[in-house]
Amino acid sequence: MELSVADLKPGETAKVRKLAGARGYVARLAALGFTIGAPIKLVRRNQGGPLLVSLRGTQIALGFSEAEGILVSPVEEEAKAPQANYTIALAGQPNVGKSTVFNLLTGMSQHVGNWTGKTVDQKTGTYDYHNKQYSIVDLPGTYSLSANSEEELIARDYILRDHPDLVVAVVDAATLERNLYLVAELLLLPAPVLLACNMMDVAEKEGIKVESAVLEKAIGIPVVPMSAARGQGMEELEAAIEAMLLKKTEYHPNLPAILPAHKPVLEGLESMITAYVPAIYPRDWVALKLLEGDDALSALMKGAMPEAEWKAVGTLLYKHEDAVLDIAGARYQWIGRMVRAAVVEPPASRIGFTTRVDRVLTHPLMGTAALILIMGCVFWLTFSVGSPIQEWLGNIMGGLGDSIRHGMSGAPKWTGELIAGGVLGGLGMVLTFLPILAIFYLALGLLEDTGYMARAAYLTDRFMHMMGLHGKSFMPIVLGFGCNVPAVLGTRIIESKKARIQTALLVPFVPCTARLAVVSILAPIFFGKSAFWVTWALVGGNLLVLAILGLILHKAAFEDEHVAFIMELPLYHLPNPKTIGIYIWQNLVGFLKKAGSIILVASLIVWAFSYFPTGSIQTSYLGIFGQWLTPVSRLLGLPWQVFVALLTSFAAKENTVATLSVLYGNLTTALPAAISTAAGLGLLAFQMLFVPCVGTIAAIKQETQSIKWTVFSVVLMLVLSFGAGFSIYQIGRII
Amino acid sequence: MLRELLELIASGRGGTVEGIARALGLSVAEIGDMLSRLLSLGYIEDFAASCASSCADGDEKKRSACADCSMSAACNFGAKAHVWILSEKGKNALKAEERRIPE
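Protein chains in written order, with the numbering used here: chain A, 71 to 805; chain B, 244 to 346.
Where hints are given, some of them may not hold.
Derived pair list, reagent style DMTMM-like, types lysine to aspartate or glutamate, alpha-carbon separation capped at 20 Å [to be verified]:
id: 1; chain 1: A; residue 1: LYS79; chain 2: A; residue 2: GLU138
id: 2; chain 1: A; residue 1: LYS389; chain 2: B; residue 2: GLU331
id: 3; chain 1: B; residue 1: LYS332; chain 2: B; residue 2: ASP289
id: 4; chain 1: A; residue 1: LYS111; chain 2: A; residue 2: ASP77
id: 5; chain 1: B; residue 1: LYS338; chain 2: A; residue 2: GLU391
id: 6; chain 1: B; residue 1: LYS332; chain 2: A; residue 2: GLU362
id: 7; chain 1: B; residue 1: LYS334; chain 2: A; residue 2: ASP396
id: 8; chain 1: B; residue 1: LYS334; chain 2: A; residue 2: GLU362
id: 9; chain 1: B; residue 1: LYS334; chain 2: A; residue 2: GLU391
id: 10; chain 1: A; residue 1: LYS202; chain 2: A; residue 2: GLU306
id: 11; chain 1: B; residue 1: LYS332; chain 2: A; residue 2: ASP364
id: 12; chain 1: B; residue 1: LYS332; chain 2: A; residue 2: GLU391
id: 13; chain 1: A; residue 1: LYS567; chain 2: B; residue 2: GLU331
id: 14; chain 1: B; residue 1: LYS338; chain 2: A; residue 2: ASP396
id: 15; chain 1: B; residue 1: LYS332; chain 2: A; residue 2: ASP396
id: 16; chain 1: B; residue 1: LYS332; chain 2: A; residue 2: ASP365
Note that these hints are calculated values from the structure, not bench results.
Produce the entire structure from the sequences given, and follow the hints as far as they go.
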C-alpha cells in the first residue's frame with residue numbers, strides 16, 4: 071500500500087516521493103515546495119478538516135484529498151536543532167526562473183523588504199536541509215556586474231560586502247550563451263559559484279542538449295541540471311549546495327583569460343592602487359574593473375587616492391580606454407568555448423521557424439514577390455471592406471446635410487450652407503473615411519507586430535543596393551514610409567553633406583502613410599474593385615521614380631559611401647490584439663485631432679472662398695481664382711476644383727479629401743461624374759508625386775541649410791507630379 | 244571578439260545579425276548579446292530605435308517637427324528592426340586600433 075501525507079500521524083516525518091495529479095496541479099504543489107525528497111511533517115490532523123503540515127520551515131494547510139495525492143516514504147525522525155547556518159546568494163539574469171528556484175527552496179518562509187537605501191525589492195528566505203539551516207538572499211536580476219544599473223551595483227556589492235558562503239548562479243539552459251557573461255563576472259568575485267542550469271526542459275523542447283557534466287568540467291565548477299518550473303532537480307541542487315559548502319566538491323574555476331598585452335597594464339594598475347583599495351574589495355578585481363571603465367569604482371578610487379596618484383591612474387586608463395573591448399571580448403571567447411564544449415544543438419533545430427520563413431520572405435526574388443503580394447492584400451482588404459462602409463456613411467452624411475439645409479431654411483442661407491457645406495461637407499465627409507483608415511491601420515499594425523515590416527525594411531535595403539543607394543541613406547528612406555518629416559531629419563546621420571542633401575531630396579518620393587491614406591480614399595471612387603491594383607501600381611511607380619533618381623544621384627555623389635550598419639530582424643510572433651488595438655486607436659485619434667483642427671479650418675476657409683461673395687461657386691473668390699488655373703488644370707483633364715484641392719494638400723495631405731468634399735459634396739457619386747477615369751488616374755499619380763506637406767519642406771530646409779536645395783526639391787516634385795499627371799491623362803485619352 | 248564585431252559593422256559586410264553570426268562562426272544569440280554589450284558600453288547606437296520612435300518620444304526637435312502629422316502618435320514603421328551603427332566612440336576605437344597596428 072502506498073503511503074501518503076494523509077496516512078501520517080501527528081509529529082511523524084516523511085519524504086515526498088511522488089506527486090499525483092494533473093500537470094498544472096503538480097506544478098502548483100512544486101511551487102509551494104512539495105518537491106521530490108523534501109521532508110514533510112504532519113503537525114496536526116483536524117477531524118474532518120484540513121491537515122496541517124510543516125514543509126521547509128513553513129506550515130501549510132492541506133485538504134484531505136490533496137494530502138492523499140502527496141505520496142511519501144517514511145524516514146527516521148531526525149528532529150534536531152539546525153547545526154550550522156549558511157548564507158547563499160541567488161544570482162541570475164531576469165526571466166531565467168530564479169524566483170521559481172527561490173520559492174521552491176524557501177517555500178513560504180520568505181521575507182520581502184528593500185535593499186538598504188534602495189527602492190529595489192530584497193527577498194530573503196530560509197530552508198532546512200540535513201539538519202542545517204540555509205539563508206537564501208535573492209539578488210536582483212542582472213545581465214552583468216558592470217555597475218550599469220542600480221540592480222547590478224546591489225548584486226555585486228552584496229557579494230563583496232556580505233561574503234555569502236556560496237553564490238548559486240541560475241542560468242537558462244535554452245539560451246546559455248546569453249547567460250554565461252554574468253557567470254564569467256561572478257567567478258571573479260570572492261565567493262564560490264555553483265551553476266544551476268535551469269529550464270532544461272525548455273532547452274530539450276527546442277532540440278538543444280546541454281551536457282551538464284561536460285559544462286561542469288569546462289567551467290570547473292559544479293553544475294546542476296534542473297527544470298524548476300516542474301520541480302525537477304531541486305533535491306540535486308540542495309545536495310550540491312551542501313556538498314559544496316562541506317568542501318566535498320572539486321572547485322577549480324576556469325576563468326576567462328586576459329590578453330597578454332593587458333597583463334602588464336593590469337599589474338601596473340594594481341600596484342598603483344593597492345595601498346588605497348578599501349579592504350572589502352579584491353585589488354586585482356578593482357584594477358580589472360577600472361580598466362573596464364567602471365564608473366562606480368572610478369569614483370570610489372578617485373575619492374580614496376591622493377589627487378596626483380589618481381591623475382597617474384587616470385592617464386594610464388585614458389591610454390587604454392578601449393581595453394574593455396578586449397576584456398569583454400575575452401569573456402565572449404570563454405563563453406564560446408564553454409558553449410561549444412557542452413551544448414549540442416542538432417543542425418535541424420537551428421533552423422527555427424523564423425529562419426525557415428525568412429528564407430522566403432527575405433529572398434531577393436521570392437521576398438520581393440511576397441512583399442508585392444502582401445502590400446496588394448493590404449490594399450485589397452482596405453478597399454473591399456472599407457469602401458462599402460464609407461459609401462454608406464457618405465450617404466448618411468449627405469442626407470444629414472440636406473436635412474440641415476431644409477431645417478435652417480428660416481435662417482440666413484449662408485448659415486445653413488456653412489454647417490451643411492463647410493463643416494459637414496468638409497470635415498464630416500473626411501470622417502466617413504475613418505473605416506477605410508481603420509482597416510488600413512489594422513493591416514499595417516498586423517504586419518508591424520508580427521515582425522514582417524522589419525523584413526520589408528530589409529528588402530528595401532536590397533532595393534537600395536540595386537540602385538546604388540546603400541549605406542546610411544537607406545534608413546531615412548525606409549522611415550519615410552511612416553512619415554517623411556522624421557525621415558528627412560534622420561538624414562543628419564549621413565556624414566557627407568552632399569549625400570545628406572541628396573537623400574533629403576529623395577525622401578519625399580517615399581509614399582508616407584498620410585499620402586497612402588489619401589490614395590486609399592480616392593482610388594476606390596474611380597476604380598472600384600480594381601482600386602488595390604491601381605494603388606499597388608502607384609506605390610511601385612513612386613519607388614521606380616525614386617530608383618531612377620537614386621541612380622542618377624548615385625552616379626553624381628554616392629560612389630564612395632560605405633555601408634556602416636547591420637540590421638537585427640525580430641523573431642516572428644503572433645500579433646498581440648492589444649498592441650494592434652492601441653496602434654489603430656492612436657492613429658485614428660491623431661487623425662481625428664487633425665480633422666478637428668487643420669482640416670476643419672481648411673474646410674471652412676475653402677467653403678468661405680467658394681461661397682462668398684455671390685453664394686455661387688462659379689462666381690466666388692475661389693471660382694475666380696480657379697478659373698485662372700483652368701488652362702493648367704485642363705492639361706491634366708481636371709476641373710479647377712480638383713486642382714485647387716490638390717494645392718491645399720500642401721498644408722496637410724488629408725486636405726485634398728476635405729476640399730473635394732466641400733466643393734463636390736458626396737465624392738463617391740460626384741467625382742466620377744466630373745472626371746474621366748484617365749484623369750482620375752492622373753490625379754492619383756499627381757497626388758503621389760506632389761510636393762510634400764509643409765512640415766517635410768521645413769525639415770528639408772533645416773537639414774540642407776539651403777533655400778536653393780529646398781526650392782529645387784519643391785520644383786522637382788512639381789515638375790514630376792505635373793509631368794506624370796499630364797502624361798497619364800494624355801495617353802489615356804488617346805487609348 | 245568585440246573588436247572584430249565592431250570592424251565587421253564598420254565594414255558593412257554581413258548586412259544582418261545572421262550574416263555577422265555566419266561570418267564570425269557564432270550563434271545569432273551570441274551576436275545579439277555582444278551587440279547589447281557594445282550598446283551599453285556606448286560603442287554602437289540603435290539608429291532605428293532613436294529615429295523611428297522619434298515622433299513619440301524622440302528629441303525635442305523631431306517631436307515638434309512631427310506635431311502637425313496626424314500619424315505621429317503611431318509612427319513606428321520599422322521600429323522592431325534594430326539598425327546598429329557605430330557611435331563616435333566606436334569609430335574612435337577603430338581609428339585608435341588602426342593607429343596601433345603599424346607600431
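Going through the hints against the structure:
1. A/LYS79 / A/GLU138: Satisfied, since the Cα-Cα distance of roughly 13 Å is no more than 20 Å.
2. A/LYS389 / B/GLU331: holds, 17 Å
3. B/LYS332 / B/ASP289: Holds, because 14 Å separates the two Cα atoms, which is no more than 20 Å.
4. A/LYS111 / A/ASP77: holds, 11 Å
5. B/LYS338 / A/GLU391: holds, 13 Å
6. B/LYS332 / A/GLU362: Cα-Cα ~15 Å, so holds.
7. B/LYS334 / A/ASP396: OK: B/LYS334 and A/ASP396 at ~16 Å, within 20 Å.
8. B/LYS334 / A/GLU362: holds, 18 Å
9. B/LYS334 / A/GLU391: Answer holds: B/LYS334 to A/GLU391 is near 13 Å, not above 20 Å.
10. A/LYS202 / A/GLU306: holds, 16 Å
11. B/LYS332 / A/ASP364: Judged against 20 Å, a Cα distance of about 16 Å means the pair holds.
12. B/LYS332 / A/GLU391: Answer holds: B/LYS332 to A/GLU391 is near 10 Å, not above 20 Å.
13. A/LYS567 / B/GLU331: holds, 17 Å
14. B/LYS338 / A/ASP396: Satisfied, since the Cα-Cα distance of roughly 15 Å is no more than 20 Å.
15. B/LYS332 / A/ASP396: Within the cut-off at roughly 15 Å; holds.
16. B/LYS332 / A/ASP365: Holds, because 16 Å separates the two Cα atoms, which is no more than 20 Å.
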